[in-house]
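Participant: Each chain sits in its own coordinate frame; assemble them with the hints.
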Amino acid sequence: MVQNIIDVRNLSKSFDISSKEPGLKGTIKHFFRRQKKSLEVIRDISFEIKEGEIVGFLGANGAGKTTILKMLCGLIYPSEGSILVSGYLPFRRKENFLKNITLIMGQKQQLIWDLPPIESFYLNASIYDLDKLEAKKRIKKLSEMLEIDEELFIPVRKLSLGQRMKSELLAALIHEPNILFLDEPTLGLDINAQRNLRKFLQKYNKETNATICLTSHYMKDITSLCKRVICVHEGAISYDGKLDLLLKKLSPVKEILIVCRSEEDANKLENSGFTVKNKIKNEITIKIENNSITSSLKTILNNFDIEDLFINEPPIDEVIGKVLIKKDYDI
Amino acid sequence: MNFKKYLKVYKKFLHTSLASELEYKTNILVDLITAILSLIGSIFLLTIFFQNNGYIGGWKFEQALIIQAIYTILNGITNTWFNPNLSEIVKHIREGTLDFVLLKPIDSQFFISLKKINPSGFLEIMLGFFLLIFCIRINQINLSLSFLTLSLITISCSICILYSLWFFISTTTIWFVKTWNATEVLRSFLYIGRFPLNSFSFSLRIFFSIFIPIAFITTIPSEVFLGLSQSWKILLEVIVATVFLITSRKFWLFALKFYSSASS
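For the protein sequence lines, the chains are A and B, in the order given.
The opening position of the first sequence corresponds to residue 1 in our numbering, with each subsequent residue numbered one higher.
The opening position of the second sequence corresponds to residue 1 in our numbering, with each subsequent residue numbered one higher.
In case anyone wonders, no lab produced these hints; they're calculated from the structure.
Ideal Cβ positions, reconstructed from N, Cα and C, are used throughout, including at glycine.
Some clues are possibly wrong.
[As the list claims (entries may be wrong)] Straight line, CA to CA, 25 Å or less: simulated PhoX-like cross-link-like pairs of lysine-lysine:
hint : chain 1 : residue 1 : chain 2 : residue 2
1    : A       : Lys298    : A       : Lys254
2    : B       : Lys11     : A       : Lys137
3    : B       : Lys233    : A       : Lys132
4    : B       : Lys12     : A       : Lys141
[Stated by the list, open to error] Take a look, some chain B residues computed to stay more than 12 Å from chain A by CB distance:
hint : residue
5    : Asn53
6    : Thr149
7    : Leu190
8    : Arg205
9    : Ile246
10   : Thr247
Next up, chain B with everything else stripped away, as it sits in the complex (with noise of 0.2 Å):
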């Protein structure tokens, strides 16, 4: 793979992208509201279920917040590039636009995973990182090393778990030509993802961390903050991920075989 070539065909993708979403001013505005008053209303709900506990599946309200931050950015991030690019992917199978992406001297997973980014995600990511560092400060969290790589590690690798999930349901598309829905139950299940997996009962502990493994996406990092993670936990998330990663790139191309374009 040639990585420089890659590198300058996402920049000129973040270019195009930017300047089409800038072309709408009114609706970046109200989409930087929009997720302002989504964590404010997260934030608000999460003060509600702690009013009469001080303690919800054995977490503080302090390291709840944890959780709330790490999915306020994740949030970001799949508003910033998963939700404008992925949910394309069914627009581009119906209608058969896929066809010029498949026909670039490009990877067609990278194009169609990074072609467009919505700005106003960014807002999110940001309000996440300082809700992050406040939660550090609050919960005297030490800044070490070691803790810096693994947050890193475990971050990413949520990034990887969420993508591959999205991923994966939307290349089902080939077959299904319609799966909008899919999607959005994913999305449903990762509003989950902002309560400690604790606060759920045991069969639902199992579900959300086999079936759909969002117990991996924001306890796991949030566990590594807190210092309350075991190693064998981390290595396991790794372990999906790189599973997950490496499934949904196998399935794209499987299914590829199986594209049969939009007629004319």
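So that you can see chain A by itself, here it is in the shape it has in the complex (with noise of 0.2 Å):
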């Protein structure tokens, strides 16, 4: 049976923020009397991840994926609830919790600016207790996974976003953890680099069977990577379970474009009983139910003169944006 390697029971987190009112005026009154008031950022969520698992957060900005992230590795202590990670409580920061985990995040680096990656990842290895032949062993294994090369021996201010978010990748699993945090990690690269950078982490967490908790914007990362995703909403969770049920629930129905040998056929379709969304000459768009997909698709060509047809999903980026603006997803 799969261990659970992370987990998570009644976690809540606020903060302290001060707001300010707009004008001259608000400035001196925030500067001499700050109005605080305490914020819920997290809100009594509870949530296991299975050794090897690779979960996505979805939600929208500020919705608390980060804080979770930071949490789970940390770097900040939960206000109440409990938090197991690998055996450890993670706030306690011990050795050897802190070599079994990296945090990776899109818009912020590790590596030195004015030297090539390669300083850094002797850097770390020393810091990791490596030696100096074994780091040298995984630097290489690392960068053929990640197809860098002559990258290593350049400044890292000279290299592009893509080339630099390899390097950084590489300076966070020099270490081999089995925990992986990524926050964005593909954020600005343009599609080859993210498509590579996906490729990779599914390589990696084939090969050593690490976990990896990871947030994105980008909905290609989500659906290539995770098989499980977590829906955060204001702070509390709103869906914990697979992405496909997910996607089923929210996408219920399919468009499909069929092209009739004639006009008459698309009439005699039209008249059929169908949800018919448009027709225009030949070509009609009627909608089905996922659940009934095959049967109705086998009714029509049975009965109806077809030249053509496509099957139309609906964007991912427009179906799972709904979760973002949802309290709860009952599946």
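Facilitator: If you want it as structure tokens, here you go:
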């Protein structure tokens, strides 16, 4: 049986924030007397993650995804509740716990700006107590997986964003962690760089059975990497389960564009009881529920003279977008 | 603590920060020239003060020069280690890159205090030592073992006090986010350390001994060099340095509990 590697129970986190009224008066008032209020950014959440799982955290900006990741890796103290990651209380930041995890943030970097990435790799290797030979071996292996070579010897400031992100990944993985926390790792990357990064993460997960917790606003990252998603809405979990199920629930119908041999066939199809979205000459678009798609298509193909047909999936961004604004998904 | 590992990491820190600095040759050259000009300027200022008076606060020019030498060494240490590292703490906290430091299996205070060095500060340290050797000759100081031990102890204590004060102020960034000015004020106070404590009024002497112990930083080591120091003063400096060092450490660990990281 696969063990739970992350166990979160009734976790909450509040921050004190101060608000300011607009204008000069508000600024002066804010300078002398700050109006502070406690903001509950995470509200009583519970979940488990199994070893080797890739879980995507979905939510709008400010929903609390990054705060959850930061509490899981021990950067932020929880206000209430308990967290166990690999058997450790993260916020104690024990050496063995830290050797097991890594955090990669798409918008922050740890590489030394003026030096080639290789220097940062060897520095990290010494921090993780790796000898030079072992470090060299790991750098070689990871650079092959990430398909970077010459870039290792070029100052970071002269690398492209994609090359820099690959180097960041290498620096963060040199100690071969078995839990990866990735906060928008593909942010700002072009389509090819995004695809390469996803390919690498899939490969890393397959080869090492590492657990990956990922946040991303690029839906392609989520759909190609994560079987399971946790949706966060205003600090609470609105959905925790399989991505497939969520998509089915959110988009229960598919649109099918049917090109008939003649306009007459299209008219017959229009009056046969299917929900029609639109019809232009011999082309007709109908809506069919996901659970009856096979039988409906069989009926259409057997009874009408069809030239061609196209099944249109609704855009994933549009579907997932619904998650970001809804509180609860009872599936 | 695994000292072998920390030594290995420190060697890497030295290597990477030297390599980073050497990327900008002109900057190093400018820094070196600034260090030399700064020392010449300070000695010139001191000669102006002593032009009409043979003594200031009971100190002769040759004796006051020892304070200048110790100040130059300490300023060199400040420019080599404290300034490049401790000033970065504010940046780490404001930009949230402290996250990377806290997630490394290494002491975070060690990491943020020693990661960088500024090689041009080394020249200031060397200049300070040359000036100190010159002062030892002109003041005809006898170099005994006890003298060397006491000098080493008091100078080490001065370094600890200065580091702790700076680190303490930088740590408050976790709550106040922006404390550049406070560290600048500390640097300004350090300039005061170039003059003997006795040359200030009584109230200022109390202020610079109790509230901001600049007096401990340069005057007591200088008194040791001149054989003017009393044992209780040396003992007091050791106690102050220990208390400051321990407090800054505890304060850092306490402050980390309030670290909320920067938003992404």
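Participant: Can you give the numbers of the hints that this structure goes against, from lowest to highest?
Facilitator: 3
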